[in-house]
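Asker: Make a model of the complete structure from these sequences and hints.
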Amino acid sequence: MQEWANQLCENRQFGSKMTDSKYFTTTKKGEIFELKAELNSDKKEKKKEAVKKVIASMTVGKDVSALFPDVVNCMQTDNLELKKLVYLYLMNYAKSQPDMAIMAVNTFVKDCEDPNPLIRALAVRTMGCIRVDKITEYLCEPLRKCLKDEDPYVRKTAAVCVAKLHDINAQLVEDQGFLDTLKDLISDSNPMVVANAVAALSEIAESHPNSNLLDLNPQTINKLLTALNECTEWGQIFILDCLANYTPRDDRESQSICERVTPRLSHANSAVVLSAVKVLMKFMEMLPKDLDYYGTLLKKLAPPLVTLLSAEPELQYVALRNINLIVQRRPEILKHEMKVFFVKYNDPIYVKLEKLDIMIRLASQANIAQVLAELKEYATEVDVDFVRKAVRAIGRCAIKVEQSAERCVSTLLDLIQTKVNYVVQEAIVVIKDIFRKYPNKYESVIATLCENLDSLDEPEARAAMIWIVGEYAERIDNADELLESFLEGFHDESTQVQLQLLTAIVKLFLKKPTETQELVQQVLSLATQDSDNPDLRDRGYIYWRLLSTDPVAAKEVVLAEKPLISEETDLIEPTLLEELICHIGTLASVYHKPPSAFVEGSRGVQHKRLPGSAGSGESVESPDTGSAAGVSDAPPAVIPSQGDLLGDLLNLDLAPPATTTGPPPPTSSGMQMGAMDLLGGGLDSLMGDESEPLGGDLGGSPAMGAGFGAPPAGMPASFNAPVSGGLDDLFDLGGGVGMPSGAYSPPKSIWLPAMKAKGLEISGTFARRAGVVQMEMTLTNKAMSVMTDFAIQFNRNSFGLAPAGPLQVLTPVSPNQSIEVALPLNTVGPVMKMEPLNNLQVAVKNNIDVFYFSCQYPISMLFVEDGKMERQVFLATWKDIPNDNESQFQIKDCHLSSDAASSKLQGSNIFTIAKRTVDGQDMLYQSTKLTNGIWVLAELRVQAGNPNYTVSLKCRAPEVAQCVFQSYEAVLKN
Amino acid sequence: MIHSLFLINHSGDIFLEKHWKSVISRSVCDYFFEVKEKAVDPENVPPVLQTPHHYLISIYRGKLFFLSVVQTEVPPLFVIEFLHRVADTFQDYFGECSEGVIKDNLVTVYELLEEMLDNGFPLATESNVLKEMIRPPNILRSVVNTLTGGSNVGDTLPTGQLSNVPWRRAGVKYTNNEAYFDIIEEIDAILDKSGTTVFAEIQGVVEACVRLTGMPDLTLSFMNPRLLDDVSFHPCVRFKRWESERVLSFIPPDGNFTLMTYHVSSQNLVAIPVYVKQSINFFETGSCGRLEITIGPKQNMGKTVEGLMVTIHMPKVVLSANLTATQGNYTYDLTTKVLVWDIGKLNPQKLPNLRGSLSMQAGAPKPEENPSLNIDLKIQQLAISGLKVSRLDMYGEKYKPFKGVKYLTKAGKFQVRT
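Those sequence lines, one after another, are chains P and V. Oh and the first sequence: position 597 is 669 in our numbering, straight run, nothing missing. Oh and the second sequence: position 286 is 301 in our numbering, straight run, nothing missing.
These are computed hints drawn from the structure, not numbers from a lab. Since the structure is predicted, the reported quantities are computational estimates derived from the model, not experimental observations. Cβ coordinates follow ideal geometry from the N, Cα and C atoms, glycine included. Check the hints yourself; a few may be wrong.
Unchecked claim - So, partial list: chain V residues that the calculated Cβ filter (under 10 Å) puts toward chain P:
1. PRO62
2. ARG76
3. GLU129
4. LEU138
Claimed, not checked - Pairwise CB distance ranges, derived in the manner of DEER restraints:
5. P/VAL844 <-> V/GLU49: 37 to 43 Å
6. P/ASN493 <-> V/GLU49: 27 to 33 Å
7. V/MET316 <-> P/ALA441: 29 to 35 Å
Answerer: Below is the structure:
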């Protein structure tokens, strides 16, 4: 740094005297002393110049904190520029000199009373930027005054200051009632104040998931819409983003909001435009499709989206990522605008790739000729990544638009003729997909493909080619020779190619058994005896077994008709798409991931849903609006149905990366078990000699391989501790979801005594079973009459717990009868912070009356199954969470070894990531994740022979620490 | 919201950092440098990057990266728009946006950044408002300030900030009242080998320079406003009047500003002012190739095409070009492999032609890609879309201003494939 500054000085020596570069010409020797003297000078001008020098040094990263007292002395001045400069300095260094910073407080407080509103605002603004606890205490009174200042400029500055203060000390803001004042400002007469209040509240709400700060109702919405027209462009963005969270009561309200938002589409600021698009896309869902206005709105959306594409490339990129979502949801908006997505040769690569993706999504029979001509053009470009993607795009067009398939294939053949290595390889990969979509149609091209066999050096292309040869072995005269040539270097091939080769030769054998017996034996022995890859070996055994016991069955399995692939494979799964549409314009929309997937636990995860459409005049409804009603458990359409999976399982390794956009549904594991039965008991004898754990042998299918085929070496070393429970635990380790885990559940206690509820007694507990939180209750009728019509409701609570269905009490409960009910819960209900955090208020109704009670759930119910953090992430997160958020607890009288403790905790989804032993003390590093995405990191210290454990918890939301600790104690002691 | 800003030069040095909340170590930029290294060309660095704890959102302007760090979910367009606004402001204040000029004005830059953003929320981004609070540097003022001890910072509340017209300050006075409008259109087009238009559209902008006393209320009307497919307005334009009457009604900011941008899309027929006949061939043997380009006028509405220039990014294997131009000069840059042919005015009687041979690296295979031609041109006094201003009226003030409208057509991204 110092060196760089020197160099800079040298470079700048010739610089003009009029510029700030002169501040660099001071030599480093005694620089600080010189500045000190100047700062204490009597001359105003000299003082100012000195402060400027100090600031200049600060901006380039030099440490000038030693001058703190001298600079602060310059603060009391009438010169606004000098004051501002001193403030700039203060903001930077107050944190490192908290005691000195106190000296400045008086001036701040005085400035907050200054007759000049500019100075009042400046003072309150700067005070908020000084992140020193001692100072924030003094900030409260001036801030309160400024929030009610007569001058809107001061009020709007103060609104932002509340957000700053909240960032430093959230509790203080709540205690002082600033949040309510901020809410009042939403009704302020000045639109700028309204916008800033909304911005501040949105930011606070984000770090504070449990609060219900922005309570939107028709009145506030109306105020926001009025302010929207008059505030600055940035304010418009805040307001629009806030509006997007509102759910209108009916389609009329929805339409009136849309009408008032549409003018924003003509704003020069593209962020305003995109936020407006978000509001419209969301509220449109509620409009009946036969409404004239619906069509008008659709037409209005296209031009601004097109205009976004003529902006700077960075803006284009974000716009394109969002347009990608919009065309998947509502392709009709841009169906005539294909041409604007045509690629220019000097577009940045990230823009090119996005444009290409959208072109394919918009491809239809009407425009396919144009699209293909373009794609062919792109395939001759310079950039290799882009060329590859263009070739793949041709294949996707063929699969999407059936009429174009023939033309696509001939285009691909033209490209193969160019002999450009990577073009040929990409082309072969996509032709394989075309074969899978249109079997027995384009096999005439196989000869051309075979000519290029030697030039293939990428695994994917080799595997694709081998698949083609195996699949069409009966039509290729020298199929055996071709495959044999691959076999020579079998061990040097990648797994993908090896698996394909194995399958292809088995297929060949089943088709031409007489000539290829030797070949098949060779490949089976290579796969089973000489390979140490469990997937390959297991597939080899399965084939071997099949072929030797029942060749007819083998034929049925291996040569089964395969499901056709469809264009759907690269679409975003509908429920995710719906959520992303609600997040248009945000980072989530750029990454095409829901915010919960990548934003850290500092914020509440609220899954946003599109509102359902209005019931009126809904005769023609598209299938995806059907699911818009909020059915989230419908299986993603891209995953083939169970029956088809079997064919895939044995035949194709190429497809899975393309077809699975989400995790495999839990049902598939059961199905694979079925596949194993198919092999009968003979399997054991075949493998009798192998002394391998069962888990390893199951890994025949790719999906299973991911589940538990991974060798133990792949697990963190800390897991070498013996884990009880055998297979179940194996599933857990591998990230298996949905397996019953031994989560701790407290014994039932009485929640509602009979005397308080006219004879109804409720006792209950909470449990987490197979990833679902359940409320398990015993209802006892201690009254004289029969009880019927049970229903249950929860009040808002800290984690949004809500019943996932109605209370299932089907039969009337007669006097003195008890029944057991298990009520599954979800965590998507309304959120409000409770005291204590895990308090739940419940209302139960029956034919007699409504009864209220409250109970506390162990927070461990909310620990999710995928709460195991990567080691690296753990380390980084631990460091990143400020030490203030750490809390320490003692667990007394616990007599478990550290390993036993670890496995016990794991049963409740508290995962040990690493273990370290120092001086006979075991330290376990653990992570757990709550349903709302909050991560809790823990360090558990266990000293051999000492029954007292120490737990240190770190979490971005320190409020949960106490509850988490209680769970630790409960789990360890039971 | 926006947490921090780093300015990074071409060679990867961070030369300015500004934090609006707590300080974030500059090591966060390492993730960016990693990606920048991979991207080779600085233009190809993706604008949004994810790191374990932050998001990095950047723009590339004037050979500088403006890199902002955000920690929470923020609309990325919001950040990108803001960064461009910062760059525009530097441009506006210092005449250019470069490392040198920023370092020369570090304190002003720092004051500006402080004024533009508060706690990550934009505060004052309108040039008019900023200039009232922080005066742009100029030599005369520096001299006067040094003599009198005056300051660069205004000590009154910026009047625009609170009024209903935040973009205009009160009490503007001129002796010469004038309002000039430039209508500038850029043609974005892709032509294929045979000269057929693959895609063409027009991006238009109305730049205004208004120096009028008091609070004038202007109305600008067009002869044919329905030509425009999509419009984006400066906040001063009353949208309702446009919706109902298709006129631009507004109280203008003081000085230079962009009144409106518009778009005439590919659905309409876009006139292409020139045609290009070209052939670029590389031979299988002999490591050489031939190039011939001729340009002629097409639909130029009877106006002269000027500033004509052809740029070609040649394949890497092309070592040198031995060409003859009937008009203008050509240069071939060996390191960037860019061939530029600067033609100047297009003479319809004697069409400019460039022909000759290209020599390639010995033994290198014939290049696979076909280089595209990029065309630059200008046509004065013509808006190629046909847009015409019919009149400008002023209300609210009594004096008579000077009024003027200029038209200009330029090539935007105008490409010819070979």
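Asker: Now tell me if each hint is right for this structure.
Answerer: Hint by hint, here is what the structure shows:
no., hint, result
1, PRO62, "holds, 4 Å"
2, ARG76, "holds, 8 Å"
3, GLU129, "holds, 6 Å"
4, LEU138, "holds, 8 Å"
5, P/VAL844 <-> V/GLU49: 37 to 43 Å, "holds, 42 Å"
6, P/ASN493 <-> V/GLU49: 27 to 33 Å, "holds, 28 Å"
7, V/MET316 <-> P/ALA441: 29 to 35 Å, "holds, 32 Å"
Violated hints for the displayed structure: none, as all numbered hints are satisfied.
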